[in-house]
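**Q** Read off the chains here:
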Amino acid sequence: MDNIAGTKSSLTWAVHLSVVVLVFLWLFPTVGLFVSSFRTADQISASGWWNALTASEQNLTLRAGAPDTQTQDGTLYVIEGNLFAEEGVPEAQIANWGVSARELGAFQPGDTAEMRNGSQITVESNGDYRQTSAEEFDGRRGDRVFVTAEILPDFTLENYQQVLLSGDSTDSMAKAFFNTLTVTIPATIIPIVIAAFAAYALAWMDFPGRALLIAFVVGLLVVPLQLALIPLLKLHLGIGIGKGYLGTWLAHTGFGLPLAIYLLRNYMVGLPRDIIENARVDGATDFQIFTKIILPLSFPALASFAIFQFLWTWNDLLVAKVFLIDATGQTTVMTNQIVELLGTRGGNWEILATAAFVSIAVPLLVFFAMQKYLVRGLLAGSVK
Amino acid sequence: MHPAFAGLVTIVVGVGGCLAYFWLSNQFLDKVLFPAKGPNAGRNINRANMIRPWLFLFPALFALTLYLAYPVVETIRLSLTDRITQPDGSVVYDFVGLQNYAQMSADPKFWEAMFNNMLWLIVVPALSTAFGLLAAQLTDRIGWGNIAKSLIFMPMAISFVGAAVIWKLIYDARPPDSSQIGVVNAIYVSLTGNDPVQLLTVPFWNNFFLMIVLVWIQTGFAMVILSAALRGIPEETVEAAIVDGANPFQIFFKIKIPQIMGTIVVVWTTITLVVLKVFDIVFAMTNGQWGTQVLANYMFNQLFVARDWGVGSASAMVIMLLVTPILVWNVRNARKEMR
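Chains as they are written, first to last, in my numbering: chain S, 161 to 544; chain R, 1493 to 1831.
Hints listed in this document are in silico derivations from the structure and should not be mistaken for laboratory results. Where a beta carbon is used, it is the ideal one built from N, C-alpha and C, also for glycine. One thing to keep in mind: the hints can contain errors.
[Unchecked claim] Derived pair list, reagent style DSS-like, types lysine-lysine, alpha-carbon separation capped at 25 Å:
#1 K403(S) to K1769(R)
#2 K1523(R) to K452(S)
#3 K1601(R) to K1769(R)
#4 K394(S) to K1769(R)
#5 K452(S) to K403(S)
[To be verified] Okay, the calculated beta carbon distance ranges per label pair:
#6 Q1751(R) to G507(S): 49 to 55 Å
#7 G1589(R) to G402(S): 29 to 35 Å
#8 A444(S) to W1760(R): 19 to 25 Å
#9 R1723(R) to I453(S): 41 to 47 Å
#10 F528(S) to Q1742(R): 45 to 51 Å
#11 W1697(R) to D288(S): 38 to 44 Å
Bound conformation, chain R alone (with noise of 0.2 Å):
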């Protein structure tokens, strides 16, 4: 029970140093600096009022600062310096230019991760999202259609190396003449007759059978948010639509998706940030091998298993390159919301 005990302790103690900060922060902004009472009482609680909020933002944005924006900054340096270790044991960052860069365009295993993350960009989004609008568009029409929901969203829950286990043991493969206990592997036999396929290393389609886990996970993703776009949709341009005499396909095809279709980009860019982030999926089941790399992993691997960290930091560069237009996208909206 150590370990428990010890969090327990943790628990409290940061937790209450977190109270205690503002509580203490606020107290003493108020009572001793600027207290509201004597001559300047009025100048105070100004100036109080004046100081106040950075009291409540300053662990927030120092948290942020230093967990998200200086690592951006120090990525960059580190993805333009070579590491090297001097005799005495000491380590010293030589600035190289682009040579990182330049090394990494050179291994083919880099070009991999970047056709096979194209792939997933594909893939993962459109099939997600596709599913998810499906299972949305249906389960809006039937009684039970909650419990249903709430089943195909049950794998949002689970945690990559789970939903890594329950797929290897779904491509399973055993000897040809023991009985498969993979599901795909027993339908395959008992439908061709032909040998057990070892289907995570059949190259090129085995990242299909990687993409398909992370589909299973995200469709009830978008699943959710679609369906409480469609039913925001209002009634009359569908009831109209009715009265002109459309058919089910076409309401769903021509009136009710041209209505979501923000919903959808919104859903569809989320999907893509999970999608360029992925590395568990990868890493518990192939770790990159035959030829599955992606960047994440690949990116892991520079780092932590070759201990390239120049070539590694340029790698993450390449991610970060690649969500920056989402990035941008975002804040724009988010302003123009606020206005």
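Next up, chain S with everything else stripped away, as it sits in the complex (with noise of 0.2 Å):
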């Protein structure tokens, strides 16, 4: 509307550019993450994950080949072969390289240097080597080369190996990631079914009390669940059904029913009225026009608090830490994994960032697929 004839904002180039800025300041975080879980752990450490791309320097000290791998030309002994060969060696280019721990770099590629054994070595740019010596090399292990290498940018899918494959027992997410399914879909379903139900009743049955039935799931939009941590804990303790999946289901249906009520009744509320009397003259029960036209109808409202209540309890930390976690740890879910994480590998990213993106990658997913019944979800019901 601002585009009116002859009233063309002069503003477009800045208002693109600070677009241009917010998104940028708005997903630089996440990137960093995502970036951060492809690379190495001393790649992490040795350069920030904004210089991913472009290769860092660093200094190794690297092993010419063993006496063992000596031939013979002519009168020399020659030992040949490729720095970066020995395992566990990133590929890189040589910037410049020395024989000593004392002058490191005092060489360029291609030089020709002389080894304390009397040897000479020349060393090419990419880690092609050739020692020489008059005499027969002798020891166990070859010399060092000192070299200040340019690390070209490599990426590695061994983070998610060790994450989601390695069984190993403080990194794993992968019982986690199933611990978390386990509570989220019967989480998100359940309350679906209750509060159609409800909603329907609450919007076009016609009964004493339906106004202050409407306030009091209003009001419970807002009641902090923190209120009923202890309660209910001793509720559920004392009726045996104690920590697990059983007592999280239900306290997540609980916590999730007032927006889910709201939600529904309010979209039920809009449907036309005329379809619902219709049916009702022809003879439908109540039941039969709820689940032949109200459901049906109500798609949009149903996925949007599907979604809601899916990406609430999936990312949710709270709850199953008081209503699921035992002492045992056998039932731990995703967030609560990497919380123990951030203890206990607090330095090692690319652990710890493997471990988040595995966990921010299904809620990212269903939010890119859906987010026309989640924005849809929000405007319908933006109080809680």
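If you follow the hints, you should be able to join the two separate chains into one complex; please do so.
**A** Below you can see the structure in the form of structure tokens.
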């Protein structure tokens, strides 16, 4: 509406630029986590993740081949090979190199240096070297070469392997992933079923006290669930449910219901009265009207709430900590697992980032796939 | 796969049970209790229709009462009692009046949490709403606005714990001579040449570093709601202002903002509710150390670390008291709308 003829804003460029800056700021943190989850521990501590695509400089201590690999070339004894052939050494470009720890970078690639044992060594920038000596090499290990190398950008899936498949008791998220699913799916579906019936009753059935009940639901929308922790834990322990999935599902159901009823009732009230009254005249029972007419028509509202509840239960930490996780730790969920990793693996960003990304990947997928319904739900019920 | 299988079974049992309840209870009502045939058919139909709403409502009301209404009452009671374990192992609750509240208000940690919560209550809703409004206004005017919106909205889907990890990486500090992998310190060190700072331990300001995380999450929410409100503004008012020679800033602040004031209040209160309950971020990032305690985390500590249910319940009541004005306001609005 700002583009009415003759009023086109001169600020268009400023607008584009500001949005670019905003989006960049909002995306930057998540991208950092994502990129870090594909880097090795060494790379993460060597440079910030924003440098992941540029080569980083690192000092490496490498070894020439051991004396038993020497060959004879005329009168010379020769050891040839590539410095980076050693196991666990990343592919790199050599910027400069030296033969003692006190003179790092004394030579350029292609130079020839004299070693302490009298042999000569030539190192090329790709790591190829040729060490020659007039006398036979002896000893067990090769000579050391100190190189300053440009490590090329490199990404790895090892972190995901470690987090998802290794079965390592502190790092593994596999069990927590399934536990989270086990909590989430029933905790999403059960409140929908219960709330849909209640919402229909509150929207389309006449009975005394209806207005009061609606007010009751709206009031409960904002009751902090913190209040419920101790009384309900006491109740669960008292009636023998204890800590476990059942109690967690019930708790999530109770906490999700006000929003579910509120959203669904508001939506159902807006459905055309004619359809429902015609069905009544044709002799349909309320149960039939509900299952055959209201439920299919309410799909958008049901989807909205399903997304809310899914995100909320998947991302929840507090309810799981109080109602689910017992001393054995067998029923840990991903959020709790990550908090524990923050304690035990505080500096190991490759594990932390990967674990965190595994836990946020599913909500992000749901978010991007079903954004339309999420926005609709937010607009309908922005109270909780 | 065992937990997955168990989960599957429960889904089937739980959901099937729910559906079975509704179907069977309706069948029972219509076929057995008040059949719509025989001499009393008419009266039976009326009776059945009087009972049916309650069949539909019963599970929901039961769960709401047990899981939300009863805990409020029980928390009030617990906050006025002390839990005492008898020598024989049984637990009694001893009425102590307001002693728990007195004990809580003598705890400096509680006042620190109160003070910080007030800071959160001012800063987070204000910043989220302001950024949300800015983003909504800007993205509505450009072609790729919808993509920009969904990217700004994305943190909404990320858990508070996930966000805590993301932002801990941003705030990370390494020893002075090694390269900084936290972006804040990388910029700070390269600009000033000073030693890197452990940001989360800087007194007072660390609260703001935590708040930024919540602002980052909530801005998308504010943007979505406010963007819809901005689109709902009648075009004539904007056109009239343009004809009168208003510049874009005047249109925004003097024409648009006043018209969406109601929505801004809704967004503000909704974020206020989130802030009052904020727990995960503080718990995962600092656990209330270095002067960053907030009420919800204080309460969690009292309940599950110190195991003092009396004081824990008392602090839960403080949170409840803080949301009560919003509760009353919501209920009054809902009743007004229904008339």
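**Q** Check the structure against each numbered hint from earlier and tell me which ones fail, lowest number first.
**A** Those not satisfied are hints 5, 8, 9, 10, 11.
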